[in-house]
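First to last, the sequence lines map onto chains A and B. The numbering of the first sequence is our numbering, which starts it at 1 and goes up by one. The numbering of the second sequence is our numbering, which starts it at 1 and goes up by one.
Don't take every hint at face value.
As the list claims (entries may be wrong) - Straight-line alpha carbon distances no greater than 25 Å define the calculated SDA-like cross-link-like pairs of lysine to any residue that follow:
(1) B:LYS608 x A:THR390
(2) B:LYS118 x B:PRO195
(3) B:LYS368 x B:ALA382
(4) B:LYS368 x A:HIS254
(5) B:LYS314 x B:ALA334
(6) A:LYS339 x B:LYS640
(7) B:LYS640 x A:THR390
(8) B:LYS577 x B:ALA382
(9) B:LYS554 x B:HIS534
(10) B:LYS640 x A:LEU28
(11) A:LYS351 x B:ALA382
(12) B:LYS554 x B:SER532
Hints in this document: simulated from the structure, not taken from any laboratory.
Letter by letter, the chains look like this.
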Amino acid sequence: MDALTETQSARGQDTLPTRPVTVLVAALGGEGGGVMADWLVAAANAQGFPVQSTSIPGVAQRTGATTYYLEIFPASRDRLNGRSPVLALTPNPGNIDVMVASELIEAGRAMQNGYVSPDRTVLIASTHRVYAIGEKSAMGDGRFDWNRLVEAAHQLAKQPVLFDMAALAQEAGTVINAVLFGAMVGAGALPLSRQACVEAIERTGKGTAASLRGFEAGYNRARGTDKLTAPVDGKLNRGRPVERVRAQFPAETHRIVEEGVARLIDYQDIAYADTYLDRLGPVLAADRDGGGGPGGHRLTNETARHLALWMSYEDLVRVADLKSRASRFVRVRTETGAKPDQPVAVTEFLKPGVEEFCSILPPALAHPILAWARQSGRSFHVGLHVRTSTVTGFLLMRGLARLRALRRRSSRFLDEQALIERWLGAIRRAATQDLPLALEVAECARLIKGYGDTHKRGTENFNAIFAALVDDHAGLATGARAAAIRACRLAALADPEGQALAKSLAQI
Amino acid sequence: MERSFAQEVQLLKLGDGEVFHGEGILAVTKALLQAGVSYVGGYQGAPVSHMMDVLNDARDIMDELGIHVETNASEAGAAAMLGASINYPLRGAVTWKSTVGTNVASDALSNLASAGVKGGALIVIGEDYGEGASIIQERSHAFAMKSQIWLLDPRPNLPTIVNMVEQGFELSEASNSPVMLELRIRACHVHGSFPTKANRAPPISRRHLIENPDFDYSRICLPPATYAQEKQKIEVRWPAAVDFIRKRKLNENFPGDADDVGIIVQGGMYNVTLRALQQLGLADAFGQTRIPIYVLNVTYPLIPDEVSAFCAGKRAVLIVEEGQPNYIEEAAHAILRRADVQTRLHGKDVLPMAGEYTGEVVLTGVAKFIAAAAPKGVDTDAVAAAFSQLTGSKARAAELLGAPMPTRPPGFCIGCPERPVFTAMKLVERDVGKLHISCDIGCHTFSTLPPFNMGNTVLGYGLGLASNAAVNPMFARRTLTVMGDGGFWHNGLTSGVANAVFNKDDGILVIMKNGYTSATGIQAIPSSVNQSDHRSPDMSIERALDGIGVKWVKSIYTYKIGTMVTALKEALTTSYKGLKVIIADAECQLARQRRIRPQIARDLAAGKRVVRTRYGIDDDVCTGDHSCIRLSGCPSLTIKPNPDPLRTDPVATVNEGCVGCGLCGEVAHAAVLCPSFYRADIVQNPTLWDRLIDRVRRSVIGWFQGAPAPSTSTWTR
């Protein structure tokens, strides 16, 4: 069992490679990483190369990240005179030839761990995102910066091979492992022949045709010189040129303002859109007077964005309207992958409470009912499973949508308009002092969104920040006040229990 | 089982001179057959679950050889089964995850080691330590030391591992002591090859039965025999083991030219150490090293004269020993002192005391050692330069990325039946305030991670309820315990339920009855519905509870959130004094999907009407608050860029992985979240009636949708 005798007997063969080719695969559960490792092992075996693979599935098989590590010694066994290379079971920093990541954050993690080195690593990574739980559960936008990851990959890898492999896999009707494998071979990253790799897939026997399609797609794409483009934003723009906007507002605000106009006509009527522009005019004037023009009228743009959203607040009428549209029926069929001849039954989960009902009643009726409900200390909700795909269910939704005509006289409408005016007034006042401060005040509108408790919580947070920092200068200079508003706004989005906000407010 | 090993089982049939290509833990299984075992058993747990799965899938081979296969109900059962080798010359092997499994087994192990064995007794332990581990971080080494069980830690390549299995049985018989074979996670999953030998039919087996029982008082663990056994361990068995290890050269020496220093490694740490040397320019790809290496394929007992001979004449020696306490390093110090060898020992001074010895850790430790020891003829500056070159890109990456990557803690699978139970608990907590929850081992322990972050303690498998015993009486509000059905049968029935009933505890126990030990790869348990022919199909949790005297039991289908919330509230407030058990009943979704998918495919192909259910979110109704995600955490409930040009926060979306369990819709309802969720039932292979109704509905609805909207807007979507 003494290895020395083995190694010494074959000294002097200079042509042998001095180290194995190392492949580290970072994948997520259910992406076929294990099968891909098997393909690599089979292809290496077919070429007579010593090969070893290992993995860390552990609890990670349940939705977490999993890694596979392979070493291939790129010389056939018959050249080794019975010697065996010592192959490692753990990846070492600075020692990875091929880094494979099935998703972009996993590529980031590989870089973070030192597995991507500029002098030798070919980085094969899919640019699509599978969001981590922390990114998903954030109350606002918790996503990691996509561009930063891609930029780092280009800086750190010797050869970055980046494209959306999940999309390619879906096109080919297969799993991402086949595309990754194809990309590795296409990029020339492996000491394995294309033939051996194809045969390795063929020997699997299961889903072979689809895997080969995916392999082919990945292979071709990796050989091509396509420039990586940022993912399309997928925004559904509805804005059309509007004369009044063109006449009164500067060009860089047209996109947002016209979008707002379109939204409010869709939400209520043309008069309501006119109100929107009436409200925006003074903000634009303040923005201009404050010198915001050269900066692209940021205050106007941001106020326009939030104002349009706020004025089109979500109520029962709006939801019923959105859910009963023809375009929505088409979207459901597309999203669920239903074929044209397959009936689709759609069930909505609605649970309006006494607040929602009162919001469409005039104040004279709504206020006493709400007062009574509050006094009783109970919550009243009606659980509805409405089947919009049936005629009666659809007509119910359509009927609710028709209540739009009554909206202007509803208690909720009046409450929202009052709060909007308060907000706009604060923006205008702040703009006379300092534009960045006004921008922070405008941004507070993002706290108000959603339904039921979410909406209530957001409004409470908005009011708390206004009371502490907007209505009152709290003895702070404008710069410090802007910073404090910003800090409180971020804190309000940190946890649903409001602990972070309470802490931030206490610090003022 | 999560995986079928029908193909791998064929590898177990390989004969003389053939080559096995496969996973480490399967190679061990093959080695057991080559060594002529009479019986095998164990308890599932990563990283050795596959061994149990393969044994169960290979029943025909086992029957042919007359080997008895036992699916032990716990590690204690498995260890006790080795008792067959005390009186009879039977080779037997069992496996489990360590150290937790060894903890459970330790009562039987102490007795086994004291009595001593006639037939070789081998315990294959999957050392669940470091990256990918799911348990407390401890070493199995201590168990070997306290009971004098010999500990093998082979170099992690298949020929060495297989050889050590065979040598292990001989060592066990030569020294009348049980032997542990320690395999780390990566070694269990390593894919390699080794030349095979034919399987050996054991001389005593289910086919060749024992006729007369053996009685030998000295084998019984009761005084005065136990005193004699302890002496025998020290005076006879230990020296016999040391002799055997020395004679068979189980530990290996790899010389090198820079021999004024050296490295002593655990066998399992050999490859990572050699790779570090190679990266620093001190070894080649074939293991030719400049620094001499002494490899401990047996880490307990140490062979004192081998250790002192290796160290003699060296200025400094590095000991690469993973985990703590550093038993080997401490023992080596004592050995050198006794032999009056003045070599300076390094170990935990250049390597970390705690944590896995990954590539990076060992590379750093070896580089520090080389810098400190300065071996003769080695250019230490070149080594230092190589080291900083290798590790440089990590700092650069941190700079470029700006922030650490978001982590991916494990969580419940898509459609998991356990998720709704914790959602219900969260909703109950909203009303009654925070609850103390004693957790147990199993998939349900993921409740302690985001997004639920629920659960206060984890004390061991099946011990959740017992760990709650002194908590409940200290609270004005009742406390909760969560236990899986795996834990219930492993230990929970006796240590938990019987204990609670006996002591008239007033707590609440939620049993997750998903039908399997799902976390370890979906193995069958006594109450599994679909049992193979080798196991009793007639065991039930409900009847066990009834028999033991639990009066308050409610069985609830887990996806009914509202019902679950009501039951939990009732359990918290009822005037009934005594243990209250809620059985959260629904099959593991992974197992269920595996069962129903082929059936659905067959039905579809046969043209039968099949309704597929999926959930979705209207992205124009969703405002991007993500409460639904915080209350569910389903992997198929995720986010996507907001298609609304005025909004920036991403919207929630249900991806194509959805299995239609319905939790998200139920949550939106039960928690009054938002109206964005919808359920779509897609009728595949619709009947004539389906089509007719659909046509009528679509044309009536289409007619209304075609009618002009009240506001005469031209900008509707």
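We went through each hint and held it up to the structure:
Between B:LYS608 and A:THR390 the alpha-carbon distance is near 24 Å, which keeps this suggested pair within the 25 Å criterion. In summary, the hint linking B:LYS118 to B:PRO195 is not supported, as the alpha carbons are separated by about 29 Å, beyond the 25 Å threshold. Straight-line distance between C-alpha atoms of B:LYS368 and B:ALA382 comes to about 13 Å, which keeps the hinted pair within the 25 Å bound. At most 25 Å may separate the alpha-carbon atoms for a hinted pair to count; B:LYS368 and A:HIS254 exceed this at roughly 63 Å.
For the hint pairing B:LYS314 with B:ALA334, the CA-to-CA distance comes to about 17 Å; that is within 25 Å, so the pair holds. A C-alpha spacing of about 24 Å is found between A:LYS339 and B:LYS640, which places the hinted pair at or below 25 Å, so the restraint holds. Taken as a hint, the B:LYS640 and A:THR390 pair is broken in the structure, with Cα atoms around 29 Å apart against an allowance of 25 Å. Taking the CA atoms of B:LYS577 and B:ALA382, the gap is near 74 Å; set against the 25 Å cutoff, the hint is violated.
Restraint check for B:LYS554 and B:HIS534: not satisfied, since their Cα atoms lie roughly 31 Å apart, outside the 25 Å limit. For the hint pairing B:LYS640 with A:LEU28, the CA-to-CA distance comes to about 18 Å; that is within 25 Å, so the pair holds. Proposed proximity of A:LYS351 and B:ALA382 is contradicted: the alpha carbons are some 71 Å apart, above 25 Å. Of the supplied pair hints, the one linking B:LYS554 and B:SER532 is violated, its CA atoms being roughly 29 Å apart against a limit of 25 Å.
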